[in-house]
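Construct the complete structure from the given sequences, taking the supplied hints into account.
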Amino acid sequence: MGSLKDSAVSGSNPLDSPVKQIQIDGLVVLKIIKHYQEEGQGSEVVQGVLLGLVVEDRLEITNCFPFPQHTEDDVDFDEVQYQMEMMRSLRHVNIDHLHVGWYQSTYYGSFVSRALLDSQFSYQHAIEESVVLIYDPIKTAQGSLCLKAYRLTPKLMEICKEKDFSPETLKKACVGYEHMLEEVPIVIKNSHLINVLLLDLQEKSMVADKHELLNLSSSNHLEKSLQLLMDRVDGMSQEIVKYNSYCRNLSKQQQQKQQYLQRRQQENTQRQSRGEPPLPEEDINKMFKPPQAPPRMDTLLIAGQVNNYCQNIKAFTSQNLGKLFMAEALQGHSS
Amino acid sequence: MSRFFATGSDSESEESSSADEITPKKRIVCCPLRFRFEEFTNIIKTIRNAMKIRDMSKCLEEFEQLYRAFLKSKTIMDKEGVPQFYIRLLADLEDYLNQLWEDKEGKKKMNKNNAKALSTLRQKIRKYNKDFETEIASYKEVLNCSPNVIFTLGTLSLCQDEESESEDDEESEDWGSDSVDSGGESEDNEGAAASLAVVFLKKYKDDRRKRHKKMEQVDEEADEEGEGEEGGWEKVKGGVPLVKEKPKMFAKGTEINNAVVIKKLNEILQARGKKGTDRSAQIELLHALAGISNENNLGEGILVKIKFNIIASLYDYNTNLAAFMKAEMWKKCLECIDELLDILFENSNIFIGENIAEDSENLAISDQPFRVRGCILTLVERMDEEFTKIMQNTDPHSQEYVDNLKDEGRVCGIIDRLLQYLESKGSTEEVCRVYLRRIMHTYYKFDYKAHRRSLGLQGETKSEQDQEESEGEDSAIIMDRLCKFIYAKDRTDRIRTCAILCHIYHHALHSRWYQARDLMLMSHLQDNIQHADPPVQILYNRTMVQLGICAFRQGMIKDAHNALLDIQSSGRAKELLGQGLLMRNMQERNAEQEKIEKRRQVPFHMHINLELLECVYLVSAMLLEIPYMAAHEFDARRRMISKQFHHQLRVGERQPLLGPPESMREHVVAASKAMKMGDWKTCHSFIINEKMNSKVWDLFPETQRVREMLVRKIQEESLRTYLFTYSSVYDSLSMETLSEMFELELPTVHSIISKMIINEELMASLDQPTQTVVMHRTEPTSLQNMTLQLAEKLGGLVENNERVFDLKQGVYGGYFNRDQKGGYQQRQNYQRGGYRNQNQSSY
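Chains A and B, in that order, give the protein sequences. Residue numbers are given in my numbering: position 277 of the first sequence equals residue 277, and the series is strictly consecutive. Residue numbers are given in my numbering: position 235 of the second sequence equals residue 235, and the series is strictly consecutive.
Hints are computed from structural coordinates only; laboratory data are not their basis. No incorrect hints appear here.
25 Å max Cα-Cα, derived DSS-like pairs, lysine-lysine:
| no. | chain 1 | residue 1 | chain 2 | residue 2 |
| --- | --- | --- | --- | --- |
| 1 | A | 224 | B | 676 |
| 2 | B | 124 | B | 112 |
| 3 | B | 326 | B | 389 |
| 4 | B | 130 | B | 72 |
| 5 | B | 793 | A | 314 |
| 6 | A | 252 | A | 289 |
| 7 | B | 574 | B | 598 |
| 8 | B | 673 | B | 713 |
| 9 | B | 643 | B | 558 |
| 10 | A | 289 | B | 808 |
| 11 | A | 171 | A | 155 |
| 12 | B | 808 | A | 252 |
| 13 | A | 34 | A | 224 |
| 14 | B | 808 | A | 257 |
| 15 | B | 558 | B | 574 |
| 16 | A | 189 | A | 204 |
| 17 | B | 595 | B | 389 |
| 18 | B | 425 | B | 484 |
| 19 | B | 793 | A | 224 |
| 20 | B | 598 | B | 389 |
| 21 | B | 808 | A | 171 |
| 22 | A | 242 | A | 257 |
| 23 | A | 323 | A | 139 |
| 24 | A | 286 | A | 257 |
| 25 | B | 808 | A | 242 |
| 26 | B | 112 | B | 127 |
| 27 | B | 116 | B | 52 |
| 28 | B | 793 | A | 242 |
| 29 | B | 808 | A | 172 |
| 30 | B | 755 | B | 676 |
One-sided excerpt, in silico: chain B residues whose CB lies under 8 Å from chain A:
| no. | residue |
| --- | --- |
| 31 | 781 |
| 32 | 782 |
| 33 | 783 |
| 34 | 800 |
| 35 | 801 |
| 36 | 803 |
| 37 | 804 |
| 38 | 807 |
Virtual Cβ for every residue (Gly too), placed ideally from N, Cα, C.
Take a look at the structure:
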């Protein structure tokens with residue numbers, strides 16, 4: 001659990017973003033984990049606020065606090081008020097009080113959603129350097145801490161600002177599902193004193209404490225992932241069908257329009273030859289209203305989510321294969 | 001009006017008494033109502049004026065008016081004879097016209113219009129006068145001998161009103177002798193009515209004064225009838241408290257014969273349907289008439305005729321078709337029909353039929369058989385319909401309903417008697433119709449007697465046994481006989497359809513499943529029932545439901561489910577069976593439609609218990625669906641057998657807190673849950689317990705047998721479910737253990753498992769020596785299942801994607817892609833085939 005290593009740095013290179021690296025205090029990680037264990041269960045999601053400050057191109061997250069769980073009873077609960085109050089209180093005890101983003105737990109990696117996009121957009125719009133930390137409790141429970149930081153790419157920010165998700169704009173902007181979120185590398189930094197303690201604990205801890213890493217059972221996790229993946233694939237299919245019918249309608253209408261124009265023209269030439277005045281021009285766009293294009297953002301999100309699931313499953317299976325081979329070798333050795 | 005009428009007739013009778021011998025025409029002159037009279041005289045006056053000035057067009061116009069006026073008062077004329085002045089005019093006019101016609105010169109002088117009018121008028125009057133040839137001839141004769149007399153009489157008739165008033169009292173003494181005289185004379189008097197009038201007059205002499213004062217308040221009926229009748233008759237009805245006086249309709253001494261009674265009957269009937277006619281009084285009148293004709297032994301012919309009319313006017317009592325008859329009225333009607341049938345049975349020489357024309361009726365006693373117009377079948381059918389209406393409109397939970405229902409036996413009795421009657425006399429169509437009535441009263445009743453007999457239980461006591469025997473044949477035999485007759489003879493499709501449906505229903509009700517099913521399949525009704533009218537469709541629905549319930553009783557769960565599926569899946573079972581209206585907003589159905597729908601409702605005593613129906617359906621759905629669900633747990637393309645059942649399951653799941661089941665549905669849902677786990681004992685206890693017994697199972701005639709069947713089914717299906725659900729957990733299973741778990745005999749378990757293996761539902765083989773089931777473990781694990789599903793979904797996704805691509809690329813790309821798609825599918829098939837082969841090879 002208390003691994004000192006950075007989590008994997010993906011190949012994304014944040015070029016023009018103000019934050020190129022994130023440094024997280026061990027305290028924040030523990031607080032997030034604790035928050036989930038106390039309040040989150042199953043597919044429920046917990047969220048909270050990250051506090052810290054920007055140093056050069058590095059974002060240091062030094063503290064955090066959770067959003068309170070919503071209940072049906074207190075409708076008049078003011079979240080913003082609560083956050084301000086909280087931050088003010090933290091400042092009083094001399095803790096970094098700058099809002100630098102938020103964190104969220106995830107269930108089998110299902111976090112690429114409209115809600116996340118919207119809230120991250122509003123964060124990034126207000127505070128440029130803000131990030132979202134995604135914490136995967138299930139993977140963590142399997143023995144490897146999984147904490148990832150994401151930001152929206154500048155392209156996506158542009159599109160979100162425009163609020164225009166039509167196929168054309170997305171095509172023009174060249175935004176694919178892979179260009180939606182950028183991952184920012186994370187470093188977990190602890191004070192030297194804590195490092196010493198950890199080293200000490202490492203010495204003392206038994207192999208048995210780490211046996212989660214060696215767990216060979218895989219079907220449960222895979223089944224869940226597959227289920228979620230299937231759900232998204234279904235969603236994707238639906239979106240495609242929608243888009244398909246849109247395309248067909250559009251082309252049909254184009255044809256009709258063409259025919260109409262042709263007829264008009266023929267008539268006009270006839271009239272001209274007879275010496276009559278040509279027919280008045282009518283507003284063609286009014287007659288043929290182009291069908292409403294389905295917003296493509298959902299498709300993008302779903303594609304991103306599917307991609308995410310696939311990555312997860314791939315990683316999981318490759319790990320598991322390794323474990324299985326190891327186990328086989330061990331068995332062969334022992335027998 | 002009637003006052004004038006009365007006085008007019010007074011004067012007439014006075015005349016006839018005093019100046020009887022002077023001239024027979026007098027009577028004719030003085031009868032018509034004053035207003036008619038005036039109308040006529042006015043027209044005649046103008047005609048005469050026009051004649052004087054030779055205005056032919058005016059003449060023609062007026063003549064046509066006169067003709068119309070004459071037609072209007074034709075009824076009076078028929079009785080009274082044509083008034084003399086009218087005849088006179090006709091004769092004069094004709095003479096005059098002929099004269100003009102002859103006068104060539106005068107004709108030439110006439111203008112074109114007049115000439116034209118003259119020729120038309122001449123033709124018309126020639127044609128018209130043919131009807132009055134005799135009268136005109138006699139008039140001319142009289143004219144020739146003593147023209148003066150007539151004129152004096154004409155004036156006399158006008159002033160007679162006043163005279164008679166004053167004379168009445170003075171002459172009252174004389175009436176007695178007169179009446180005796182006329183009574184004696186009546187035999188040779190051609191108009192018996194006239195003398196009768198005389199007799200009546202005497203009776204009313206005394207209250208004449210009072211009557212004159214009261215006349216204004218006398219009800220409209222009197223007026224109406226007065227118009228249609230002779231003076232003497234009129235007074236009978238108008239002036240006297242109606243009912244009590246009726247038996248004296250014919251005064252003593254009057255010979256009452258057929259002609260008189262028929263005339264009277266016609267008079268009464270003429271008032272029928274007219275506005276303001278007191279219908280109950282009319283019925284009373286007819287009853288009285290029937291009594292009189294009976295007393296005077298006028299023969300059954302006339303009695304039958306009167307009875308027909310009584311029943312008809314009883315039906316007429318309610319003018320609104322939608323309203324139902326009062327039970328009392330209906331009972332009267334029932335009695336009447338009963339009496340009518342009595343008469344018909346006693347006298348085999350009465351022919352009745354709708355096709356006998358009024359004038360070819362033979363009502364008098366003679367050697368020839370009676371011929372009466374009327375259709376008893378229609379009357380009985382109407383009576384039956386009224387019965388249904390009464391039942392529809394009675395609160396089914398009241399004592400009144402029970403009381404009314406008791407009359408059903410009488411209805412059946414009447415139908416039976418009619419059936420006997422028509423079997424000997426009626427045409428085939430009539431027999432078919434009455435058979436259908438009989439069937440309609442039989443098909444829904446469970447024949448307990450036959451049921452007990454089939455069980456081999458004789459009646460406990462000797463007397464009961466006797467009673468049983470005397471009660472006649474089983475309803476099944478009756479149904480069979482009647483229906484087969486209809487199948488063979490009926491030519492209208494509707495009667496046959498109804499008969500088939502009733503027959504099936506009856507079979508199903510008595511658990512003769514195979515006969516019922518075969519009949520249903522042979523009739524091919526399922527294909528074209530949607531073209532039938534709604535009542536037949538309702539009957540069809542009832543039959544299907546009964547068929548389903550019958551299949552269930554026989555343990556044919558699948559058939560039961562199929563039969564009930566259509567009715568239950570719509571959620572409108574109540575409406576489809578005609579057992580009540582669904583609450584709907586008024587936009588979908590206006591008041592008129594609602595009335596029509598209400599009229600289609602089946603009376604309560606014929607209802608099929610809806611809860612029983614639903615329970616049967618749900619239980620059979622459970623027995624089918626739960627094993628199916630277990631078998632196809634991972635199948636992506638699993639279809640639901642019963643939506644309704646799934647709906648109930650979902651409703652059960654949505655409950656936040658699950659208490660012990662209360663309603664029938666909750667019981668079934670709870671049982672389904674138990675069955676899903678293969679726990680047949682719990683399932684059993686949910687399906688068969690005190691509550692369910694009282695709610696559902698006890699409603700079956702063979703409760704015990706049904707329950708046993710049900711337990712058995714539950715055990716079997718639970719075993720199947722258990723094997724489906726848990727086969728992946730076992731390597732091998734001992735059949736003995738299974739038979740103990742499900743309390744089934746070893747052979748049964750063996751057969752069930754063998755069947756599952758043969759159907760490839762269970763991948764296993766039987767090991768004979770150890771009596772165990774060895775699982776093959778070839779079923780894909782859930783993960784594999786999931787991946788298969790995912791692959792399928794991805795296939796769909798790719799296909800959809802390609803379609804988008806197609807659009808972009810045009811036809812050529814589409815062709816290319818389609819080819820590829822085929823390849824993809826082939827590959828998939830290949831994989832599946834390989835999988836299947838693998839399965840089979842491992843047996």
